[in-house]
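Chemist: What follows is the residue order along each chain.
There are 2 protein chains.
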Amino acid sequence: MSSEFELIEIFQHIGAEYYKQNGIITGPGDDCAIFDLKTPIVTSVDSSVENIHFPSNASPEDIGYRAVAVALSDIAAMGCKPIAFSLSVSSPIINESWYKKLADGVEDIAKEFEIPLIGGDLTKGPLNLNAIVFGTPFSEKILMRNKAQTGDYICISSSTGRAKKGLDDWINNKKDSEYLTDYLRPFPKIELGKNIVNFASACIDTSDGLMADLEKMLKASKRGGLINLDDIPITTDINDINSGDDYDLCFTIPKDKFDNKFFKIGEVTEDLEIKLISDKGYDVAIRGYEHF
Amino acid sequence: MSSEFELIEIFQHIGAEYYKQNGIITGPGDDCAIFDLKTPIVTSVDSSVENIHFPSNASPEDIGYRAVAVALSDIAAMGCKPIAFSLSVSSPIINESWYKKLADGVEDIAKEFEIPLIGGDLTKGPLNLNAIVFGTPFSEKILMRNKAQTGDYICISSSTGRAKKGLDDWINNKKDSEYLTDYLRPFPKIELGKNIVNFASACIDTSDGLMADLEKMLKASKRGGLINLDDIPITTDINDINSGDDYDLCFTIPKDKFDNKFFKIGEVTEDLEIKLISDKGYDVAIRGYEHF
Numbered sequence: 001m002s003s004e005f006e007l008i009e010i011f012q013h014i015g016a017e018y019y020k021q022n023g024i025i026t027g028p029g030d031d032c033a034i035f036d037l038k039t040p041i042v043t044s045v046d047s048s049v050e051n052i053h054f055p056s057n058a059s060p061e062d063i064g065y066r067a068v069a070v071a072l073s074d075i076a077a078m079g080c081k082p083i084a085f086s087l088s089v090s091s092p093i094i095n096e097s098w099y100k101k102l103a104d105g106v107e108d109i110a111k112e113f114e115i116p117l118i119g120g121d122l123t124k125g126p127l128n129l130n131a132i133v134f135g136t137p138f139s140e141k142i143l144m145r146n147k148a149q150t151g152d153y154i155c156i157s158s159s160t161g162r163a164k165k166g167l168d169d170w171i172n173n174k175k176d177s178e179y180l181t182d183y184l185r186p187f188p189k190i191e192l193g194k195n196i197v198n199f200a201s202a203c204i205d206t207s208d209g210l211m212a213d214l215e216k217m218l219k220a221s222k223r224g225g226l227i228n229l230d231d232i233p234i235t236t237d238i239n240d241i242n243s244g245d246d247y248d249l250c251f252t253i254p255k256d257k258f259d260n261k262f263f264k265i266g267e268v269t270e271d272l273e274i275k276l277i278s279d280k281g282y283d284v285a286i287r288g289y290e291h292f
Numbered sequence: 001m002s003s004e005f006e007l008i009e010i011f012q013h014i015g016a017e018y019y020k021q022n023g024i025i026t027g028p029g030d031d032c033a034i035f036d037l038k039t040p041i042v043t044s045v046d047s048s049v050e051n052i053h054f055p056s057n058a059s060p061e062d063i064g065y066r067a068v069a070v071a072l073s074d075i076a077a078m079g080c081k082p083i084a085f086s087l088s089v090s091s092p093i094i095n096e097s098w099y100k101k102l103a104d105g106v107e108d109i110a111k112e113f114e115i116p117l118i119g120g121d122l123t124k125g126p127l128n129l130n131a132i133v134f135g136t137p138f139s140e141k142i143l144m145r146n147k148a149q150t151g152d153y154i155c156i157s158s159s160t161g162r163a164k165k166g167l168d169d170w171i172n173n174k175k176d177s178e179y180l181t182d183y184l185r186p187f188p189k190i191e192l193g194k195n196i197v198n199f200a201s202a203c204i205d206t207s208d209g210l211m212a213d214l215e216k217m218l219k220a221s222k223r224g225g226l227i228n229l230d231d232i233p234i235t236t237d238i239n240d241i242n243s244g245d246d247y248d249l250c251f252t253i254p255k256d257k258f259d260n261k262f263f264k265i266g267e268v269t270e271d272l273e274i275k276l277i278s279d280k281g282y283d284v285a286i287r288g289y290e291h292f
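The listed protein sequences correspond, in order, to chains A and B. 1 is the number of the first residue of the first sequence in this note's numbering; add one for each residue after it. 1 is the number of the first residue of the second sequence in this note's numbering; add one for each residue after it.
Note that these hints are calculated values from the structure, not bench results. Because the structure is a prediction, the values reported are computed rather than measured. Hints may contain errors.
The list makes no distinction among identical chains, and a pair is therefore deemed to hold if it is satisfied within one copy or across any two copies.
List time: in silico BS3-like cross-link candidates among lysine-lysine, alpha-carbon distance up to 30 angstroms [claimed, not checked]: (1) Lys216 x Lys275; (2) Lys124 x Lys261; (3) Lys141 x Lys20; (4) Lys275 x Lys175; (5) Lys255 x Lys101; (6) Lys147 x Lys261; (7) Lys219 x Lys101; (8) Lys111 x Lys38; (9) Lys20 x Lys257.
The following block holds chain A by itself, in its conformation from the complex (with noise of 0.2 angstroms):
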């Protein structure tokens, strides 16, 4: 059994090399971290609380990667990039090497990114994790939710459900399963938002499923959307487009923008209904993950 201080030691110097180049003038150690930048400052967190965001037998490594990527995901919709995080852990552990593997997970995150942790809290409680991200603009325009425009067309990268799979495979044990990493580390799309923040009128990214975020988008932007389901890239059937936990970005972008590296799945409306159309016969209304 180890201390507190013990234990905050084990996280302590994780992307400290970053603290330079990404305007960090104080790191962890004292009662707060400093930046010292001229530009803008992004900000979100995330929690992950187990049994909601993450199995309770999924590793340790899994759990810290997966808490500080989840929060990155916010930085991608912006169209930023991620210069630091800090991480808040509640735990019942006190077995030291968990925590070294708790924080083996976060380190690969951290590195993957090039982004020091800057602070946190560690107390005793039931396992919960808040990952709190920062990030700064790519390029003068940051990107919004509310920010679509009639006849933009709707965007996605990938395949929606494969993070639904990958619980589904993990719950059944299916260890050889492609779909794990799309569920326990999901990649922040930050070269995404990157790539589209000069041209895309609105960004979101998916967590609590295809279609409830990008209701939120549309809602937020005061438009519609007429989304033809027979053109959304789905993994197991077409209830996928409520699936959560993709990380994937949601966009809008000028009919002359598109390129077809993206999935078109439909174009914003002036009205502010959300049409579903198929000809394949897809029938399947719009549901959101609800915490309560």
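Given chain A, put chain B in place with the hints provided.
Modeler: Chain B only, in chain A's frame:
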């Protein structure tokens, strides 16, 4: 029973009137909030877990107020001005009125310090709040905990042990105790931080216990201290020097800056040891709050 979306709406507009004055160009409602400031930004996160940071029978108003207040104390310790906060709430409660009361307490402190809520997360799970706070310097200088100088006076601003007495009185159902507020609604010492920032050499907030936090500050400064226990203002008995939750500031100042509105409790020494002396015969060791 309310949807997650309806519950989020209860919090979304807290302090919205302060966005502009505090450099926030996007508040809650997008994937990230956006700061646009040309100054450094300080940030910290503090978690509040039921039965560890607050008793399970505390009112939702006090739970909300306290969660943000204790995090703001870290901004005070940096000699900075709070500008915004985010709040991540995991809760098993489905009763909307509980969230409204929680939001009332959060709003009380948001108004007190003129800071808006800029984001957060709401998930189902064991009760756990994470407050993320942001600040900017009052002056050019930011206070650190690692700059205490040999010969500096070590000071605090109020009696230690008040919060511990408040918690004891709460547990013993002494509803008219003047100390309840010290525990349930600690008042972050932002004004004190502002007053001392330009001449204090180092500062830390006292959350884990006066002696434990003083020890951290001296260790970070690679210094020791000679502490006169007789000079420490206490509430109940000398063990108060190890009581947590006071959220006062403990700071070091050059001798010639001493002002008797502060309590001088000792001096910074060159060696790394902390020596406790007493003519009254006090005999007590340093002990901090240990989560694990």
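Chemist: Take the hints in turn and mark each one as holding or not.
Modeler: Status of the hints after comparison with the structure:
With identical chains, the CA atoms of lysine 216 and lysine 275 are at most 30 angstroms apart within one copy only, with a shortest distance of 14 angstroms there and 60 angstroms across copies. In the homo-oligomer, the alpha carbons of lysine 124 and lysine 261 never lie at most 30 angstroms apart, since the shortest distance is 46 angstroms inside one protomer and 37 angstroms across protomers. In this assembly of identical chains, lysine 141 and lysine 20 lie within 30 angstroms of each other by CA distance both inside one copy and across copies; the values are 24 angstroms within and 19 angstroms between. Taking the closest pair of Cα atoms, lysine 275 and lysine 175 never come within 30 angstroms of each other, the shortest separation being 38 angstroms inside a single copy and 58 angstroms across copies.
Within a single copy, lysine 255 and lysine 101 get their C-alpha atoms no closer than 46 angstroms, and across copies no closer than 47 angstroms, so neither meets the 30 angstroms cut-off. In this assembly of identical chains, the alpha carbons of lysine 147 and lysine 261 lie at most 30 angstroms apart only when taken from the same copy (22 angstroms versus 54 angstroms across copies). For a Cα distance limit of 30 angstroms, the shortest separation of lysine 219 from lysine 101 across copies, 28 angstroms, qualifies, whereas the shortest one inside one copy, 41 angstroms, does not. In the homo-oligomer, the alpha carbons of lysine 111 and lysine 38 lie at most 30 angstroms apart both inside one protomer (24 angstroms) and across protomers (28 angstroms), since each shortest distance falls under that limit.
Proximity of lysine 20 to lysine 257 under the C-alpha cut-off of 30 angstroms is found in neither arrangement, the shortest distances being 36 angstroms within a copy and 34 angstroms between copies.
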